[in-house]
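K.L.:
The whole structure should be built from the sequences, with the hints applied where relevant.
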Amino acid sequence: MWCRNGIALAMLAGGVASAAGIEPPGTAAPARFRLCSMDVDYPPYARVDGTGHLQYLMQQAARGLGLELERRVAPRRRCVEELKAGLVDGMIGAYSSERAEYAVFPMVGVGPDEKKALATPRYFLYRRKGTQLDWDGQKFSGLGDGRIGVESGFVFITERLQQLGIPFDDGSKALEPNVAKLAAGRLDGVIAMEFEADQLVASRYEGKIERVGKPFEQTPLYLMLSRQFHSQYGRFSDRYWQALYDYRGTAEYRQYQQARP
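Residues -19 to -1, 1 to 242, numbered by mature numbering (1 follows the signal peptide of the UniProt record, and there is no 0), are exactly what the sequence shown covers, in order.
List of simulated lysine to aspartate or glutamate pairs, EDC-like, C-alpha gap at most 16 Å: (1) K65 to E79; (2) K189 to D179; (3) K195 to D117; (4) K162 to E191; (5) K110 to E191; (6) K97 to D227; (7) K120 to E140.
Hints were generated in silico from the structure; no laboratory data involved.
P.N.:
See below:
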């Protein structure tokens, strides 16, 4: 009797809430979405001026949902701290067990739903031309006592280097200082995103720096949400992830990507 009465009261409460215009938790839709973008360029995916491929993708998907996208530019670590505190609603990043403790990703089963990834960039090892450092997909060779440079916040890279027992330097938040350290002999190698690093090498380090070996990492990037946003707007979060997936497959988005390499 108590159980049936309890269910009846819960249903009555839900009806009263609906009649009063109060949405059940997780079903409301926000008027704006606060995106934290990094204060360095990661072409072609993200740029400080907001013209990166993924920034455009998020803007167009938001527009289709009647959502205002409010973009904030900050260092990566500040974006992370503000996401944890719920001061921003989302940021773009790769999935990791560490991030899953404070952020929400589109999931399928116990892992991230790779179909809902925004892009899947590849990361390669770069070395000074003529040196012996190499990566065969499983292990490094020719490193000796040297260190590998990685941009700060690339936790999916640093976690793997730690597992392999490889010393690394993640003190620089952008690629250019790392490649400069490599050229000067202060690092033995750099792991970097293929597109960005190839452009930098071609423009400034042709004949001095080269890409070698198999991809070190091929990591999907997602819209990761603050737990506060997802708790309040759970159903809308699913709609936004789906809208991003849908728009990613449009001819309009492909045209944008081709126009802004």
